[in-house]
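Given these sequences and hints, build the entire structure.
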Amino acid sequence: AQSVTQLGSHVSVSEGALVLLRCNYSSSVPPYLFWYVQYPNQGLQLLLKYTTGATLVKGINGFEAEFKKSETSFHLTKPSAHMSDAAEYFCAVSVSNDYKLSFGAGTTVTVRA
Amino acid sequence: EAGVAQSPRYKIIEKRQSVAFWCNPISGHATLYWYQQILGQGPKLLIQFQNNGVVDDSQLPKDRFSAERLKGVDSTLKIQPAKLEDSAVYLCASSPVQVNNSPLHFGNGTRLTVT
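From first to last, the protein sequence lines stand for chains L and A.
Going letter by letter, the first sequence gives residues -13 to 99 in our numbering.
Going letter by letter, the second sequence gives residues 41 to 155 in our numbering.
Hints may be right or wrong, so weigh each one.
What the hints assert, rightly or not - Part of the chain A face toward chain L, derived, beta carbon under 8 Å:
1) Leu110
2) Pro143
3) Gly147
Claimed, not checked - Residues from chain A that keep clear of chain L, each with C-beta distances beyond 10 Å, as calculated:
4) His69
5) Asp103
6) Leu124
It is worth saying that the hints were derived from the structure and are not from the lab.
Beta carbons: idealized from backbone N, C-alpha and C, even for Gly.
And the structure:
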C-alpha cells in the first residue's frame, strides 16, 4: 500500500522568502502525486499533480513541485511567500487503477510580515 | 460549475446521540468519497462510491457509521451512536468517472463536535 510522509508539521517563513515543504512517498508501483491546500474552515483545493511526463510540475499561485524517483520525494516550493499562502498543505499519493488518495499529516505554513 | 455542497457546516452533539451529514457532489461526477479529518491529521478515507455502489468501505467503522448514495447523486453519512473520538471534520469529495487520476473536488466539510 502507498503512503506519504510530510517532514515538519509547521513551517514559518518571512514574506518574500522561499517556501519549501517536504514530502516523501512509499509505493511499490509508479505513483501519482498531489499537493492540496486547505484554508481555514474550507475544503481542500488542488495545487498541482504529477502523473507522468515532466517531473517538474507547476501549479496555481506560483507553486511548483519536482518528482524525484530516486529520492522518492515530491517537495513543494514557492520562490517568494505571500501572506495569502498561510494555510495547511497536504501531500497525497495514489496509484494507477486505484484512485484512493492517501494523505500525509499536513504542514501548516505561517507567513511573517 | 457549482462545487460540492455539504450540510450542516457545524454540528455539536452529546456522546451516544446520532447525527447525519449530507453531500451533493458536482453534477455529473459519478465517484463520491467521504473523508474524516481529525484535528492535526490528514484526511482519512471512510467510504468511496461509484454511482450508487460501494467501491471501498474498508476504513468505515461499520458498527456505528453508515453511508448511502441513493440514485447515485446525493449521499448521507450517519453516525449512531457517536463517541467522543468521532469529533472531526467530515469532508465529502467527488470526481468524474473513468478519468484517470482526475483530482478530487472537496466540499467545505462538516465540523462535528461530540461532547
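Minimum Cβ distance from Gly147 of chain A to chain L below 8 Å? At about 5 Å, which falls below the 8 Å cut-off, the nearest Cβ of chain L leaves the hint on Gly147 of chain A intact, so it holds.
Once the closest CB in chain L is found, is it more than 10 Å from His69 of chain A? holds (12 Å)
Should the hint that Pro143 of chain A touches chain L count as held when the rule is a Cβ pair under 8 Å? holds (4 Å)
Hint check: is the beta carbon of Leu110 of chain A less than 8 Å from a beta carbon of chain L? violated (23 Å)
Beyond 10 Å from chain L, beta-carbon-wise, is Leu124 of chain A? Its Cβ never comes within 10 Å of chain L, the nearest being 21 Å, so this holds.
Per the stated criterion, does the least C-beta distance between Asp103 of chain A and chain L lie above 10 Å, as a non-interface residue requires? Per Cβ check, Asp103 of chain A is outside 10 Å of chain L; nearest 22 Å; holds.
Hint compliance for this structure: hint 1 alone is broken.
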